Amino acid sequence: MALYIVEADCISCGDCEPVCPTNSITEGSIVFKIDKKTCTECEGDFDVPQCVKVCPIDNCILPLEA
Amino acid sequence: MSSQDTLSRELALRIGLAARALPDTDAKRLFTVLTHCLGLPITEDKIGSLNLKTLKAAQAGEFSDIDDVSLKKALHILKHNVETGETLKPDIQAYVEGDMPGSVRIACASNDAINVDGHFGSCNQFMIYQVSADEARLIDIRFTDSPDGLEVDDKNLFRAELIQDCQVIYMASVGGPAAAKIVKLGIHPIKLQGIESITGIINQLQTVIAGTPPPWLAKVMGIEANNRFRFEREATG
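Protein sequence lines, in the order shown, are assigned to chains G and U.
Taking this note's numbering, the leading residue of the first sequence gets -12, the next gets one more, and so forth.
Taking this note's numbering, the leading residue of the second sequence gets 134, the next gets one more, and so forth.
In case anyone wonders, no lab produced these hints; they're calculated from the structure.
All values reported here derive from a predicted model rather than from experimental measurement.
Misleading hints may appear alongside valid ones.
[Stated by the list, open to error] Interface residues of chain U toward chain G, partial, derived using beta-carbon atoms under 7 Å:
id, residue
1, R142
2, G235
3, W349
[What the hints assert, rightly or not] DSS-like mimics (lysine-lysine), calculated; alpha carbons at most 25 Å apart, straight line:
id, chain 1, residue 1, chain 2, residue 2
4, G, K40, U, K324
5, U, K179, G, K40
6, G, K40, U, K314
7, G, K40, U, K352
8, U, K352, U, K314
9, U, K206, U, K161
10, U, K161, G, K20
11, G, K20, U, K352
12, U, K161, U, K179
Yeah, the Cβ is synthetic: ideal placement off N, Cα and C, and Gly gets one too.
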């Protein structure tokens, strides 16, 4: 389980990067990206994924698999 | 500054427009000079008594090197009522949907019609431009006064709806809840670090459009992902 950032919608504001408890978010060459190997969707740390909570764009950060 | 509280909106507008008639003069400079020769508060009556000689001598001759023609023009603007629609609208250029492929429509929150100097919730007008890589047209000026006799429940929503057809709005400042309303309408809000000229903003935007626009911008401009660039699938690596 992991989340991903929809490239066409990300505005590169960077708000998600510091709130990630597993440091899975980094700035990629185009927009920010989430490392699917380390993303836990915040399970064990928070009730809701923190990046989704702070992201100013709707439906920009989604679960990788439905 | 308490002096600005007592300056009527009409006079403020006249000072702004009059400053434009003078070389290298912004509203602030003219306002300072007027304060010097008329004292505060600046009123309609005091401005009525102003003449060329006083204006030229004011503040130790701040305007002494400006030619008489420009000064007379500025005086005329200061003393006469602004017919809003008439003074500001001649600049508007015709635009028909589809005229400018690969363009984006932007709104600039402005008080003086030259700079992005407005707060979203309090600016006098939104200057609407259609901008492509090699062209920019002022296509509309939308004043933020609510229509006569109409009570507006939510000022910020009213303002956001005023620019609903724009993809981006530039402003000097905006509050959080207002920004959320802007985003809800699908408009991308951009708050500047300070006041910048509208032409400066347009130039910057044109450089971005001509280069590789960020995906979100390309998307609102209607450019297909495949035409933009071939991105490496390293995003989720």
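Verification of the hints:
no.: 1; hint: R142; in the structure: violated, 33 Å
no.: 2; hint: G235; in the structure: violated, 17 Å
no.: 3; hint: W349; in the structure: holds, 5 Å
no.: 4; hint: K40(G) x K324(U); in the structure: holds, 21 Å
no.: 5; hint: K179(U) x K40(G); in the structure: violated, 56 Å
no.: 6; hint: K40(G) x K314(U); in the structure: holds, 17 Å
no.: 7; hint: K40(G) x K352(U); in the structure: holds, 23 Å
no.: 8; hint: K352(U) x K314(U); in the structure: holds, 20 Å
no.: 9; hint: K206(U) x K161(U); in the structure: holds, 18 Å
no.: 10; hint: K161(U) x K20(G); in the structure: violated, 46 Å
no.: 11; hint: K20(G) x K352(U); in the structure: holds, 18 Å
no.: 12; hint: K161(U) x K179(U); in the structure: holds, 18 Å
Hints 1, 2, 5, 10 from the list above are not met by this structure, while the remaining hints are.
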